[in-house]
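Q: Going down the list, the protein sequences come from chains B and W.
The numbers in this note's numbering rise by one with no breaks, and the one at position 57 of the first sequence is 50.
To convert, count from 1 in the second sequence and add 113; that's this note's numbering.
What the hints contain is simulated information worked out from the structure, not anything from laboratory work.
Ideal placement from N, C-alpha and C gives every residue a C-beta, glycine not left out.
One or more hints might be untrue.
[Unchecked claim] The calculated lysine-lysine pairs, modelled on DSS-like cross-linking and capped at a C-alpha distance of 27 Å, are:
no.	chain 1	residue 1	chain 2	residue 2
1	B	K44	W	K196
2	W	K155	B	K44
3	W	K170	B	K63
4	W	K155	B	K97
5	W	K191	B	K44
6	B	K63	B	K97
7	W	K155	W	K170
8	W	K155	W	K196
9	W	K196	B	K63
10	W	K191	W	K170
11	W	K155	W	K191
12	B	K63	W	K191
13	W	K196	W	K170
14	B	K44	B	K63
15	B	K44	B	K97
[As the list claims (entries may be wrong)] Listed below are several chain W residues computed to face chain B (Cβ distance under 7 Å; list not exhaustive):
no.	residue
16	P121
17	H123
18	T126
19	K155
20	V156
21	F174
22	D175
23	F178
24	F204
25	G215
26	G219
[Stated by the list, open to error] Covered stretches of chain B (in silico footprint by chain W; criterion: 3 or more residues with CB under 8 Å from a CB of chain W, positions within the stretch not fixed):
no.	region
27	31 to 43
28	91 to 99
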Amino acid sequence: GQQLNQSPQSMFIQEGEDVSMNCTSSSIFNTWLWYKQDPGEGPVLLIALYKAGELTSNGRLTAQFGITRKDSFLNISASIPSDVGIYFCAVTPFSGNTPLVFGKGTRLSVIA
Amino acid sequence: EPEVTQTPSHQVTQMGQEVILRCVPISNHLYFYWYRQILGQKVEFLVSFYNNEISEKSEIFDDQFSVERPDGSNFTLKIRSTKLEDSAMYFCASSGVWTGHGYTFGSGTRLTVV
């Protein structure tokens, strides 16, 4: 099956610091998505990327779709306590009705 | 904001029993999914459903599992003869015409098999 390598596996940062995480694969994908999962909740879509090289922001979050279409990164600026959670990258292997494939997640802890 | 609703939020069942997990997808969505997340692990695809039939399923989704859309609003996952290793969070999701926009997930059902 599709394999996404997401790193780091976990992060402990001070409130106010910037955060960077990434996702790589040996395969090409048409869409990269970033989700956040709060404890006891389902994943919530943060950012969707559709074109190679695309850079998209959502408030303090910025994500980029790698030019090779094999990677993506997510940055969070000026972290706050509510940023705590697990961040997953996800891809759709093809367009149309194909299931999302998720990375293993990056667990973010923010120390106030 | 439209949401996907799952019930129950937590289900405890004895090994060997059957369970039905229920979901109400967003009303104008056409594609429905079940995913599973074992504690501390990634979210894994189980099955997708479109036009009243399964469109894709993973190797996890064996004969023990079945899905149904019994009416115009509910989407259920049935697990027969539950095993200890079926304990996990089960997430329902739905999406509109183009799944590349990402899914909307429900809050999940925590299944505990004892």
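Q: All hints, please: hold or fail.
A: So, going through the hints one by one against the coordinates:
For the suggested pair K44(B) and K196(W), the alpha carbons sit about 43 Å apart, so the restraint of at most 27 Å is broken. Restraint check for K155(W) and K44(B): the C-alpha separation of about 25 Å stays at or below 27 Å, so the hint holds. Distance hint between K170(W) and K63(B) is fulfilled; the C-alpha atoms sit about 24 Å from each other, no more than 27 Å. With a C-alpha separation of about 5 Å, the suggested pair K155(W) and K97(B) falls inside the 27 Å cut-off, and the hint holds.
Pair hint K191(W) plus K44(B) does not hold up; C-alpha atoms about 38 Å apart against a cutoff of 27 Å. Between K63(B) and K97(B), the direct Cα distance comes to roughly 16 Å. Compliance with the 27 Å bound is thereby established for this hinted pair. A threshold of 27 Å between alpha carbons decides the hint, and for K155(W) with K170(W) the separation of about 17 Å falls inside it, so the pair holds. With a CA separation close to 20 Å, the supplied pair K155(W) and K196(W) stays within the 27 Å bound.
A threshold of 27 Å between alpha carbons decides the hint, and for K196(W) with K63(B) the separation of about 37 Å lies outside it, so the pair is violated. Proposed proximity of K191(W) and K170(W) is supported: the alpha carbons are some 14 Å apart, at most 27 Å. Proposed proximity of K155(W) and K191(W) is supported: the alpha carbons are some 22 Å apart, at most 27 Å. At most 27 Å may separate the alpha-carbon atoms for a hinted pair to count; K63(B) and K191(W) exceed this at roughly 36 Å.
Simply put, K196(W) and K170(W) have alpha-carbon atoms about 20 Å apart, close enough for the 27 Å limit, and the pair holds. Only pairs whose Cα atoms come within 27 Å are accepted, and K44(B) paired with K63(B) is accepted, the gap being roughly 12 Å. With a C-alpha separation of about 23 Å, the suggested pair K44(B) and K97(B) falls inside the 27 Å cut-off, and the hint holds. Using the Cβ-Cβ criterion of 7 Å, the hint placing P121(W) at the interface with chain B is not satisfied: the shortest such distance is roughly 14 Å.
For the restraint placing H123(W) at the interface with chain B, the shortest Cβ-Cβ distance is roughly 10 Å, beyond the 7 Å limit, so the hint is violated. Of the supplied interface hints, the one on T126(W) is violated, with its beta-carbon coming no nearer than about 19 Å to a beta-carbon of chain B, more than 7 Å. Checking K155(W) against chain B by beta carbon gives a least distance of about 4 Å; that is within 7 Å, so the hint holds. The interface hint given for V156(W) is met, as the beta carbon of that residue sits about 4 Å from the closest beta carbon of chain B, less than 7 Å.
Taken as an interface hint, F174(W) does not check out: its beta carbon lies about 11 Å from the nearest beta carbon of chain B, beyond 7 Å. Taking 7 Å as the C-beta cut-off, the interface hint given for D175(W) is violated, the closest approach to chain B being about 16 Å. Using the Cβ-Cβ criterion of 7 Å, the hint placing F178(W) at the interface with chain B is not satisfied: the shortest such distance is roughly 15 Å. Below 7 Å, beta-carbon pairs count as interface contacts, and F204(W) has one with chain B at about 5 Å; its hint therefore holds.
Restraint check, G215(W) versus chain B: the minimum CB separation of about 4 Å is within 7 Å; hint holds. Contact between G219(W) and chain B, as hinted, is supported at the beta carbon level, the nearest pair being about 5 Å apart and thus within 7 Å. For the region 31 to 43 of chain B, the assignment as covered by chain W holds, since 8 residues bring a beta-carbon within under 8 Å of that chain's beta-carbons and 3 suffice. Counting residues of the region 91 to 99 of chain B whose beta carbon lies closer than 8 Å to any beta carbon of chain W gives 8, which meets the minimum of three for the stated coverage.
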